[in-house]
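2 protein chains.
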Amino acid sequence: QIAAVVADFFADFFARQTAQQQAWLGKKLLITAGPTFEDLDPVRFIGNRSSGKMGFALAAAAAQQGAEVILITGPVNLATPPGVTRIDVRSAQQMLAQVQAHYSGVDVMIGAAAVADFRMAQPAAHKIKKQANQDELMLTLIKNPDIIAWVAQQVDKPYLVGFAAETEAVADYARHKRVQKGLDMICANQVGAGLGFEVSDNALLVITANGEYPLPTQSKQALARELLAQLHTELAKIEASDQ
Amino acid sequence: QIAAVVADFFADFFARQTAQQQAWLGKKLLITAGPTFEDLDPVRFIGNRSSGKMGFALAAAAAQQGAEVILITGPVNLATPPGVTRIDVRSAQQMLAQVQAHYSGVDVMIGAAAVADFRMAQPAAHKIKKQANQDELMLTLIKNPDIIAWVAQQVDKPYLVGFAAETEAVADYARHKRVQKGLDMICANQVGAGLGFEVSDNALLVITANGEYPLPTQSKQALARELLAQLHTELAKIEASDQ
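Line by line, the protein sequences give chains A and B.
Here the first sequence stands for residues 586 to 828, where the numbers follow the numbering used here.
Here the second sequence stands for residues 586 to 828, where the numbers follow the numbering used here.
There may be inaccurate statements among the hints.
Put simply, identical chains are the same to the list, so a pair is met inside one copy or across any two.
[Said to hold, decoys possible] Subject to a maximum C-alpha distance of 16 Å in a straight line, what follows is the list of computed EDC-like cross-link-like pairs (lysine to aspartate or glutamate): (1) K712 with D741; (2) K712 with D757; (3) K712 with E811; (4) K613 with E653; (5) K714 with E753; (6) K762 with D597; (7) K612 with E824; (8) K762 with D593; (9) K612 with D692; (10) K728 with D624; (11) K712 with E753; (12) K612 with D786.
Don't read these hints as lab results, they were simulated from the structure.
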């Protein structure tokens, strides 16, 4: 009898595994991850605390479930997940160029990268020297391209998923950002208090036109699987309404 | 590259076998390494390309040769060398505080960290938001403390070794910097063309009041041993002239 229970458990387990494994078969995902670094001169740059873990976890889970995954990542210290095509970039402009080269024909684009909002208008060719009598340094930064908003404006745009990482009022800001940028889904991400950047655990509030779905605090790996499941449900709704 | 690794391994192995192992016995070294990150807000920072490899190689070699080593490091992805006491910091101000707490009673201080020259006067408590109509961002930075120059002004200052990493006119700049900051030795470090930051190989021009000693391009591990040997010679000269 125990043998039967165990056999049932494994039959069920492998059935779920297989179903999950096939869930994204035939789909193509484009995922951006990590920070971008904006050079001030040959040695200095403006960076941000994004570790890339969330984007890499999404890429790993999607590839595991059968998707074709292109991962465009800023500077991170993470191994490429099995079966994922990885493209490394440094700046927002480089990331935009790679997204422009790869977004076409993609079913879903997930913008998990923390793209720098601003960059130096003209990075210095040589190291900026400190003068002995200089007490202040003024940097004038200009706006970077908005990568996901650019994709949202294309006629052949994929289903678009963005992230909103904020230290305050994150849900309100995310609802507004989703509509304003023309995203299909946004994942609101409270930063700080052991969540968000540079840590392994995270919690998300997933927001679409159809509703809001809180995903509780858990490892980024587990969160990636839950987010993909939610994303799969949303795509199924769209496909059903298209028929 | 495998040949270089094997060569390093044997150089390392034989270094352990010889009397060189005892060369730094009874000496105390304070080494700073890596970049400092200066926060603009809770997610953004100004960083630099220092990997920390040179400082860590010096700490490893000195500990291997019997020294007591305190290593104060900015954010890096490097393992602590065996026998080294490591203290992690993020900003220049944090690094200064740790140097102030540990410089006393030290025989040699090597400032291999690439300390940020400037920081935000007042980092924002919340993430700086981009406004839709905002095309520029002005950052006003103030000068950071000069850590090694602070140590040079103390009556109980150790033998002081600095680094000068420049993209141009590095030797001239280094000679000037050594005198101006009150350093005993400076290591001029040409950055770029496969040397310097973010790479494993490096070349140095060692400058003291007694002369200049070029150390040719080699792994940072080998370079660390050569630099320590030169440093040992300089200390012996001073001890001889004191008697």
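Going through the hints against the structure:
1. For a Cα distance limit of 16 Å, the shortest separation of K712 from D741 qualifies neither inside one copy, at 43 Å, nor across copies, at 33 Å.
2. Proximity of K712 and D757 under a CA criterion of 16 Å is satisfied inter-copy only: 15 Å between copies versus 41 Å inside one chain copy.
3. Taking identical chains as interchangeable, the C-alpha atoms of K712 and E811 are never at most 16 Å apart, the minima being 46 Å within one chain and 27 Å between chains.
4. In the homo-oligomer, the alpha carbons of K613 and E653 lie at most 16 Å apart inside one protomer (5 Å), although the nearest pairing across protomers, at 55 Å, exceeds that limit.
5. Proximity of K714 to E753 under the C-alpha cut-off of 16 Å is restricted to the inter-copy arrangement: shortest distance 11 Å between copies versus 37 Å within a copy.
6. In this assembly of identical chains, K762 and D597 lie within 16 Å of each other by CA distance neither inside one copy nor across copies; the values are 33 Å within and 56 Å between.
7. For a Cα distance limit of 16 Å, the shortest separation of K612 from E824 inside one copy, 13 Å, qualifies, whereas the shortest one across copies, 72 Å, does not.
8. Neither within a single protomer nor between protomers do K762 and D593 lie at most 16 Å apart by alpha-carbon distance, with minima of 32 Å and 53 Å respectively.
9. For the homomeric pair K612 and D692, the shortest alpha-carbon distance inside one copy (6 Å) is at most 16 Å, but the shortest distance between copies (63 Å) is not.
10. Proximity of K728 and D624 under a CA criterion of 16 Å is satisfied intra-copy only: 14 Å inside one chain copy versus 19 Å between copies.
11. Taking CA atoms no more than 16 Å apart as the test, K712 paired with E753 passes between copies only; the shortest distance there is 8 Å, against 36 Å inside one copy.
12. Within a single copy, K612 and D786 get their C-alpha atoms no closer than 27 Å, and across copies no closer than 44 Å, so neither meets the 16 Å cut-off.
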